[in-house]
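Novice: Following the hints, complete the assembly by docking chain B onto the known chain A.
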Amino acid sequence: MSSITASADEKSHITSYPKFIGRSLWLATEGSFAFYAWMTMLTALFLVGANAWANQVAGGMIGTNMTDQVSWGLYIANFTFMVGLAAGGVMMVIPAYLYHDRKMHDVVIIGELLAIAAIVMCLMFVVADLGRPDRFWHMMPIIGKFNFPISMLTWDVIVLNGYLILNLHICGYLLYMRFLGRQPNPTWYIPFVMLSIVWAISIHTVTAFLYCGLGGRPFWNTALLAPRFLASAFVSGPAFIIVAMVLIKRLTGIGGLDQPIETLTKIIRVTILVNLLMVASELFTEFYTGGAHVSAAKYLFFGLHGKTALVPWTWTAIGLNVTAALLFLWPGLLRFRWRPLLVAACCMAFVGAWIEKGMGLIIPGFIPSTLHEIVEYVPSQLEWKVTVGIWAFGLMVFTIAIKTALPTLKQPAKH
Amino acid sequence: MTDKPSLPIVENFSRRAAVKGGFATLGAAAFVAAVSPLRQAASDKSAAEFMQQHYTELSPEQKADVIARLEAETKQNYGAEVTIGDDRPIPGTKFVYAINLSVCNGNGNCVEACHKENNHDRSTNQSYIRVLEMPMGTMDMEQGTTTYTGAVPKDGKFYLPVQCQQCDEPPCVDVCPVKATWKEEDGIVVVDYNWCIGCRYCEAACPYHARRFNWKKPEVPAEEVNPDQSYLSNRIRPVGVVEKCTYCLHRTRRGKLPACLEACPTGARVFGNILDKDSNLRWILENKRVYILKEELGTKPAFFYYFD
Numbered sequence: 001m002s003s004i005t006a007s008a009d010e011k012s013h014i015t016s017y018p019k020f021i022g023r024s025l026w027l028a029t030e031g032s033f034a035f036y037a038w039m040t041m042l043t044a045l046f047l048v049g050a051n052a053w054a055n056q057v058a059g060g061m062i063g064t065n066m067t068d069q070v071s072w073g074l075y076i077a078n079f080t081f082m083v084g085l086a087a088g089g090v091m092m093v094i095p096a097y098l099y100h101d102r103k104m105h106d107v108v109i110i111g112e113l114l115a116i117a118a119i120v121m122c123l124m125f126v127v128a129d130l131g132r133p134d135r136f137w138h139m140m141p142i143i144g145k146f147n148f149p150i151s152m153l154t155w156d157v158i159v160l161n162g163y164l165i166l167n168l169h170i171c172g173y174l175l176y177m178r179f180l181g182r183q184p185n186p187t188w189y190i191p192f193v194m195l196s197i198v199w200a201i202s203i204h205t206v207t208a209f210l211y212c213g214l215g216g217r218p219f220w221n222t223a224l225l226a227p228r229f230l231a232s233a234f235v236s237g238p239a240f241i242i243v244a245m246v247l248i249k250r251l252t253g254i255g256g257l258d259q260p261i262e263t264l265t266k267i268i269r270v271t272i273l274v275n276l277l278m279v280a281s282e283l284f285t286e287f288y289t290g291g292a293h294v295s296a297a298k299y300l301f302f303g304l305h306g307k308t309a310l311v312p313w314t315w316t317a318i319g320l321n322v323t324a325a326l327l328f329l330w331p332g333l334l335r336f337r338w339r340p341l342l343v344a345a346c347c348m349a350f351v352g353a354w355i356e357k358g359m360g361l362i363i364p365g366f367i368p369s370t371l372h373e374i375v376e377y378v379p380s381q382l383e384w385k386v387t388v389g390i391w392a393f394g395l396m397v398f399t400i401a402i403k404t405a406l407p408t409l410k411q412p413a414k415h
Numbered sequence: 001m002t003d004k005p006s007l008p009i010v011e012n013f014s015r016r017a018a019v020k021g022g023f024a025t026l027g028a029a030a031f032v033a034a035v036s037p038l039r040q041a042a043s044d045k046s047a048a049e050f051m052q053q054h055y056t057e058l059s060p061e062q063k064a065d066v067i068a069r070l071e072a073e074t075k076q077n078y079g080a081e082v083t084i085g086d087d088r089p090i091p092g093t094k095f096v097y098a099i100n101l102s103v104c105n106g107n108g109n110c111v112e113a114c115h116k117e118n119n120h121d122r123s124t125n126q127s128y129i130r131v132l133e134m135p136m137g138t139m140d141m142e143q144g145t146t147t148y149t150g151a152v153p154k155d156g157k158f159y160l161p162v163q164c165q166q167c168d169e170p171p172c173v174d175v176c177p178v179k180a181t182w183k184e185e186d187g188i189v190v191v192d193y194n195w196c197i198g199c200r201y202c203e204a205a206c207p208y209h210a211r212r213f214n215w216k217k218p219e220v221p222a223e224e225v226n227p228d229q230s231y232l233s234n235r236i237r238p239v240g241v242v243e244k245c246t247y248c249l250h251r252t253r254r255g256k257l258p259a260c261l262e263a264c265p266t267g268a269r270v271f272g273n274i275l276d277k278d279s280n281l282r283w284i285l286e287n288k289r290v291y292i293l294k295e296e297l298g299t300k301p302a303f304f305y306y307f308d
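Residue numbers (UniProt numbering), protein chains in the order written: chain A, 1 to 415; chain B, 1 to 308.
One chain only, chain A, in its complex shape:
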């Protein structure tokens, strides 16, 4: 707004930015009894996960139910899904900044904060999956040995950390300006917002390339994988944000959320159908062609040689996705009195995508194995504990982040 104040404060940013962070965190730990109960519960779950992970590191990954045949399991499944959630947050950014949706503009930060929490969870899931987390530094450029540009995993490291930094910058800047009582200067965040749109697409594309680049795994080796990832991300991300906004409205009485909820509902209406269409196309090429190529899909949907561990999961996902799609198609879902149904539809779409990207994508990629052995996989209790712990930590980060942003959300910026 006024460059005079900015230049007067210029030298103090180094001290006032940490002060802003400290004060935000302090305020974020203020709340009602229900808030403390929520945070205590999350802390407890996180501690259970931390303990399980420490035991896994101490005893080796034998504590998981993964095998040489199914060498990635629940952790990588959740990682894949969380990348989608992080990318899905961008569906708030696009209407806000590309279509100049004013109402969305005021609350777009919710999507960006979700991206931060989701990326933090992604990184935690990757670390949980490492056999030697103590050698994490080997992955760092310069001090380690970074296999760039050949390994897709190094690309993933770059895009995920880049996306985290981008969103930290955008959110940090906007909230900091609010803290200083100034109008944000568009040159300091609009270019980054535009970049984050492209970047959000890239994180999920690169994550899909991790899998679809492997010739020895026919189930993953399809060009449709990256578009499918994006389509389901643009369902699960907005679905999560709708539920979060309904809760925020209920708990804090913040107004101006109804129109963004409506916009996101309209977005899901399209993306959920696109996602189903892609699933159908993939199933057509698999099953109509047949041959050896179809065995993983056959295992997933109908079981193979009497082994059927994933069949209930996948049909649950199909049921949830189709039901959610039908609900979203119904125009009445936008009416205020059907809010609970909207929330239910979002939850179904969210869980449906979680199964589809997890149990339904990562695990059947390994079954049958490359020598066509059928070794089934069911996550161990330790894996579930670690997973729950990471989810609890992610929700903690998201809760604190939203609380930090509440003052901004309460007083939408004037334009």
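Among these hints, one or two may not hold up.
Looking from chain B toward chain A, a few residues come up when the C-beta cut is under 10 Å (computed) [to be verified]:
id, residue
1, K20
2, G22
3, K45
4, A48
5, F50
6, E223
7, E296
8, G298
9, K300
Derived by calculation from the structure, the hints in this document are not laboratory data. In this text, a Cβ means the ideal position worked out from N, Cα and C, and glycines have one as well.
Specialist: Leaving out everything else, chain B in the frame of chain A:
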């Protein structure tokens, strides 16, 4: 504290701060207690191991130090006196393997020899070789089984041993994010067990199920430890890293044959230097009907199957 009245927390700062401080301390203490198993895990690992550089970046002196440390650790952890060599490729050598599928009868001696030679974990009965029992008349592995039992060979069956194909275009090497695995000049794909971070991306990328992960610390009784070891080969692997067949480089680079070949009672296995024009192996590749596993994937194996 009173200079910023705009902060709503200032009025009852001390009481709230005390309560929050108390809970924060409690939380931190609980966290330290929760991750305490890490301390035990850390005590097993030395600072020298943590700081160790990539194999290709070690100077000869550093390499000697590392090998001395590894020998001492094997003595301490497994009670076995071993010598760990640093066998390098012999110039002008490109190792290639071939298996005569008309002769192999699925007896599995190669599997067991590999297990012992390479100091695999006893409890998981690990080996780099898997043998598929296949119905005659197909090369579709979908029809095969690796868990066959009973007397061999069975009527109407043939046997397909699969191990690392030491590909010329190895997908496992491409995907490794930290260059912990690479192809040496004699065609052998190796792993630096002290650099691998255990992400298992290579295991996902390999079309031949040739890589194994150490889900736990390998158990080998002292008297069963094979003491002739090499840094990139059969030394007892650390927990949490990937390992693979190295064509027994601790033997073959010293002029011996792979353990699986020596153990084979039928003579189905042939090993040699493809650059040597007079070798038995070269004659087989030029005169027999040779088959390459999953050739369509473009991995270009240095491993051939043939029929009489």
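Novice: Under 10 Å is the threshold here; is the Cβ of E223 (chain B) close enough to any Cβ of chain A for the hint to stand?
Specialist: Interface hint status for E223 (chain B): violated (24 Å vs cutoff 10 Å).
Novice: Mind checking the CB of K300 (chain B) against every CB in chain A and telling me if the closest is under 10 Å?
Specialist: 12 Å, violated
Novice: Less than 10 Å between beta-carbons is the criterion; does K20 (chain B) satisfy it with respect to chain A?
Specialist: OK, holds: K20 (chain B) within 10 Å of chain A, min 6 Å.
Novice: Tell me if the interface restraint on A48 (chain B) is satisfied: Cβ within less than 10 Å of some Cβ in chain A.
Specialist: 13 Å, violated
Novice: K45 (chain B) was flagged as interface toward chain A. Is the shortest Cβ-Cβ separation under 10 Å?
Specialist: 7 Å, holds
Novice: Per the CB criterion, is E296 (chain B) less than 10 Å away from chain A?
Specialist: Constraint on E296 (chain B) satisfied, holds at 9 Å.
Novice: May I ask you to test the interface hint for G22 (chain B) with respect to chain A, counting a Cβ-Cβ separation under 10 Å as satisfied?
Specialist: Nearest chain A Cβ about 12 Å off; hint violated.
Novice: Does the nearest C-beta of chain A fall within a distance shorter than 10 Å of the C-beta of F50 (chain B)?
Specialist: This interface hint holds because 6 Å falls under the 10 Å limit.
Novice: Does G298 (chain B) pass the interface check with chain A, least Cβ-Cβ distance below 10 Å?
Specialist: 7 Å, holds
Consistency note: the structure conflicts with the earlier hints numbered 2, 4, 6, 9.
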